[in-house]
Amino acid sequence: MSAQQLLIRTLANILFFFKRREFKAAKFKFLIFTGTVGKTTLRDAVTYALRQSKIPVESNKFGYSNELGILLTTFDYSEFSLKNPLAWFSLLNKKPPEEAFVCIELGADFYRDIKWFLKKFDPFAVFISGIASDSWSRDVKEVFEERKCLLEAVDQSGFVFYNLDDLATVELIQKSDILAQTISFSLNASKNAKVTLNEWSRNVFTQPITKIFNKEKIIFTVEQVKVELELHRPIFEPQVYGILATFAFIQKLIPDRVAELKQVFENYEFSKNRLQIFKARNGALTIEDSYKATPFCTYWFVDMSARILARKKILVITEMRPLTFNVRRFYSRLADKIKFAELVYFIGPSRYFNALHKTQPQVKHLDKKSYRAAADEILKNSSSGDLILLKGSFRYQLNHLRDLLV
0 MSAQQLLIRT
10 LANILFFFKR
20 REFKAAKFKF
30 LIFTGTVGKT
40 TLRDAVTYAL
50 RQSKIPVESN
60 KFGYSNELGI
70 LLTTFDYSEF
80 SLKNPLAWFS
90 LLNKKPPEEA
100 FVCIELGADF
110 YRDIKWFLKK
120 FDPFAVFISG
130 IASDSWSRDV
140 KEVFEERKCL
150 LEAVDQSGFV
160 FYNLDDLATV
170 ELIQKSDILA
180 QTISFSLNAS
190 KNAKVTLNEW
200 SRNVFTQPIT
210 KIFNKEKIIF
220 TVEQVKVELE
230 LHRPIFEPQV
240 YGILATFAFI
250 QKLIPDRVAE
260 LKQVFENYEF
270 SKNRLQIFKA
280 RNGALTIEDS
290 YKATPFCTYW
300 FVDMSARILA
310 RKKILVITEM
320 RPLTFNVRRF
330 YSRLADKIKF
340 AELVYFIGPS
350 RYFNALHKTQ
360 PQVKHLDKKS
370 YRAAADEILK
380 NSSSGDLILL
390 KGSFRYQLNH
400 LRDLLV
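Take the sequence shown: its position 223, counting from 1, is numbered 222 in numbering that gives the first Met the number 0, and each next residue is one higher.
In short, the hints are calculated from the structure, not lab data.
Among the hints, a few may not be true.
Stated by the list, open to error - Here are the simulated EDC-like cross-link-like pairs (lysine to aspartate or glutamate), alpha carbons at most 16 Å apart as the crow flies:
no., residue 1, residue 2
1, Lys216, Glu227
2, Lys147, Glu170
3, Lys82, Glu98
4, Lys363, Glu376
5, Lys53, Glu98
6, Lys114, Glu141
7, Lys60, Glu268
8, Lys118, Glu145
9, Lys251, Glu222
10, Lys28, Asp121
11, Lys26, Glu141
12, Lys214, Glu227
13, Lys60, Asp75
14, Lys225, Glu259
15, Lys174, Glu141
16, Lys379, Glu341
17, Lys23, Glu98
18, Lys174, Glu144
19, Lys225, Glu198
20, Lys216, Glu236
21, Lys311, Glu376
22, Lys28, Asp75
23, Lys28, Glu97
24, Lys190, Asp164
25, Lys28, Glu98
26, Lys119, Glu21
27, Lys23, Asp121
28, Lys190, Glu222
29, Lys147, Asp121
30, Lys94, Glu170
31, Lys214, Glu198
32, Lys214, Glu229
33, Lys338, Asp302
Stated by the list, open to error - Cβ-Cβ distance ranges computed for the label pairs, FRET-style:
no., residue 1, residue 2, range
34, Lys94, His364, 51 to 61 Å
35, Arg306, Phe88, 45 to 55 Å
36, Glu259, Thr358, 49 to 59 Å
37, Glu78, Ser369, 25 to 35 Å
As the structure is a prediction and not an experimental result, all values here were calculated from the model.
Idealized CB from N, CA, C, for every residue including glycine.
Could you build all of it, start to finish, from the sequences and the hints given here?
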């Protein structure tokens with residue numbers, strides 16, 4: 000644990016000590032979103048559904064919460080200054096809501112927060128969309144055991160929602176002694192899932208990229224209730240999983256709400272700074288996913304991009320991070336996966352660039368100082384019918400490159 004993480008945890012313990020009676024008296028129902036990918040997409044969709052249903056809910060709009068962030072979320076804080084005495088005074092005098100759902104992301108592959116949470120709170124429901132099976136940051140077995148503890152902590156009145164299409168998630172479910180009701184969701188209609196996708200227009204994969212902004216249609220079944228949903232923007236697999244899990248949860252919570260919820264989701268905007276789609280100023284389609292760059296997320300993005308129909312594909316990709324194990328193997332696999340792109344820009348350390356360039360000579364090295372020149376070159380070499388792809392860690396601020404393209 001780093002010094003910063005230790006400080007955050009210490010402050011969280013102090014805050015919990017002073018507020019322990021209020022936390023004990025409050026009737027919180029914690030909804031925990033865990034796994035390697037899809038946590039924020041799931042959390043945002045569930046939060047939106049609860050708010051549209053006029054149900055009290057607290058959720059950190061900025062994404063993953065550390066231990067202190069978990070406590071701050073219960074007080075409806077999304078931003079907080081540790082160095083501001085007035086902020087602490089205000090917090091210590093503020094009371095949490097007496098009753099509310101609290102949506103929290105826990106159990107990322109590189110952070111130890113589940114056991115801390117379980118010592119202080121009980122989860123009402125857990126959502127899992129996908130987990131990595133390859134070791135890239137911490138030992139997979141250690142992460143597996145922590146998530147197992149989380150699932151087993153949900154009591155009989157609670158729920159566990161999980162992705163039946165993800166083999167590592169299914170293994171976790173099978174090896175856990177779960178007391179709660181389990182609800183599976185799947186994009187494969189042949190699987191025996193409680194929530195199943197029946198039809199999806201898949202515009203981004205089936206239409207020429209000049210037409211993928213047509214209305215997106217999905218039909219799915221939530222425990223024998225058929226739902227037809229028409230969206231006003233293209234969607235991708237993680238977002239479909241988010242919709243399935245959300246409707247499954249609302250069906251359990253308030254069964255007569257599903258039909259009404261369908262209408263409010265037609266104009267729903269998915270998580271910012273995650274998977275976004277728009278047009279560059281030269282007419283080329285641009286897809287950006289510039290928040291996280293774990294191997295799991297990076298591989299999924301490039302595999303998805305390879306399936307899209309386009310005349311030419313230009314890929315901008317950052318280093319995978321945090322990556323401390325099996326580095327050579329992960330980059331060797333990435334080099335093989337990016338063959339579909341006519342031009343690739345890589346942002347990151349030279350040793351990783353060299354590993355890619357050795358087998359893929361179309362890869363160019365780029366740094367943040369060269370974003371404007373790169374944007375000009377990308378726009379010059381693309382037009383309507385082409386695809387520009389931005390994938391990487393938020394640390395490299397690909398949103399600045401995006402702004403130069405639109």
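Going down the list of hints, with the structure as the test:
A C-alpha spacing of about 7 Å is found between lysine 216 and glutamate 227, which places the hinted pair at or below 16 Å, so the restraint holds. A hinted pair counts as satisfied when its Cα atoms are at most 16 Å apart, and lysine 147 with glutamate 170 qualifies at roughly 10 Å. A hinted pair counts as satisfied when its Cα atoms are at most 16 Å apart, and lysine 82 with glutamate 98 does not qualify at roughly 30 Å. Straight-line distance between C-alpha atoms of lysine 363 and glutamate 376 comes to about 12 Å, which keeps the hinted pair within the 16 Å bound.
A threshold of 16 Å between alpha carbons decides the hint, and for lysine 53 with glutamate 98 the separation of about 13 Å falls inside it, so the pair holds. Pair hint lysine 114 plus glutamate 141 holds up; C-alpha atoms about 12 Å apart against a cutoff of 16 Å. The suggested pairing of lysine 60 with glutamate 268 holds, with an alpha-carbon distance near 13 Å, which does not exceed 16 Å. Between lysine 118 and glutamate 145 the alpha-carbon distance is near 13 Å, which keeps this suggested pair within the 16 Å criterion.
With a CA separation close to 10 Å, the supplied pair lysine 251 and glutamate 222 stays within the 16 Å bound. Pair hint lysine 28 plus aspartate 121 holds up; C-alpha atoms about 8 Å apart against a cutoff of 16 Å. With a CA separation close to 31 Å, the supplied pair lysine 26 and glutamate 141 exceeds the 16 Å bound. For the suggested pair lysine 214 and glutamate 227, the alpha carbons sit about 13 Å apart, so the restraint of at most 16 Å is met.
Among the hinted pairs, lysine 60 with aspartate 75 is consistent with the structure: their alpha-carbon atoms are about 10 Å apart, no more than 16 Å. The hinted pair formed by lysine 225 and glutamate 259 meets the criterion: a straight-line CA distance of about 13 Å does not exceed 16 Å. Annotation: proposed proximity of lysine 174 to glutamate 141 holds, straight-line Cα distance about 14 Å (limit 16 Å). The suggested pairing of lysine 379 with glutamate 341 holds, with an alpha-carbon distance near 14 Å, which does not exceed 16 Å.
Taken as a hint, the lysine 23 and glutamate 98 pair is honoured in the structure, with Cα atoms around 11 Å apart against an allowance of 16 Å. Restraint check for lysine 174 and glutamate 144: the C-alpha separation of about 10 Å stays at or below 16 Å, so the hint holds. In summary, the hint linking lysine 225 to glutamate 198 is supported, as the alpha carbons are separated by about 11 Å, within the 16 Å threshold. Restraint check for lysine 216 and glutamate 236: the C-alpha separation of about 13 Å stays at or below 16 Å, so the hint holds.
Simply put, lysine 311 and glutamate 376 have alpha-carbon atoms about 14 Å apart, close enough for the 16 Å limit, and the pair holds. The straight-line distance between the Cα atoms of lysine 28 and aspartate 75 is roughly 15 Å, inside the 16 Å bound, and the hint therefore holds. The straight-line distance between the Cα atoms of lysine 28 and glutamate 97 is roughly 11 Å, inside the 16 Å bound, and the hint therefore holds. Of the pairs offered as hints, the one joining lysine 190 and aspartate 164 holds, with about 9 Å between alpha carbons and a cut-off of 16 Å not exceeded.
For the suggested pair lysine 28 and glutamate 98, the alpha carbons sit about 8 Å apart, so the restraint of at most 16 Å is met. Using a Cα cut-off of 16 Å, the hinted pair lysine 119 and glutamate 21 holds, with the two alpha carbons roughly 12 Å apart. Among the hinted pairs, lysine 23 with aspartate 121 is consistent with the structure: their alpha-carbon atoms are about 11 Å apart, no more than 16 Å. For a cut-off of 16 Å, the pair hint linking lysine 190 to glutamate 222 stands: about 13 Å separates their Cα positions.
Straight-line distance between C-alpha atoms of lysine 147 and aspartate 121 comes to about 14 Å, which keeps the hinted pair within the 16 Å bound. Straight-line distance between C-alpha atoms of lysine 94 and glutamate 170 comes to about 41 Å, which puts the hinted pair past the 16 Å bound. A threshold of 16 Å between alpha carbons decides the hint, and for lysine 214 with glutamate 198 the separation of about 14 Å falls inside it, so the pair holds. For the hint linking lysine 214 to glutamate 229, the alpha-carbon distance of about 7 Å falls within 16 Å, and the restraint holds.
Taken as a hint, the lysine 338 and aspartate 302 pair is honoured in the structure, with Cα atoms around 10 Å apart against an allowance of 16 Å. Between lysine 94 and histidine 364 the Cβ separation comes to about 53 Å, which falls inside the hinted range of 51 to 61 Å. Restraint check, arginine 306 to phenylalanine 88: a C-beta distance of roughly 54 Å satisfies the suggested window 45 to 55 Å. Between glutamate 259 and threonine 358 the beta carbons are some 53 Å apart, a value that agrees with the proposed interval 49 to 59 Å.
For glutamate 78 and serine 369, the hinted distance range of 25 to 35 Å is satisfied, since their beta carbons lie about 32 Å from each other.
Checked against the numbered hints given earlier, this structure breaks hints 3, 11 and 30; the rest are met.
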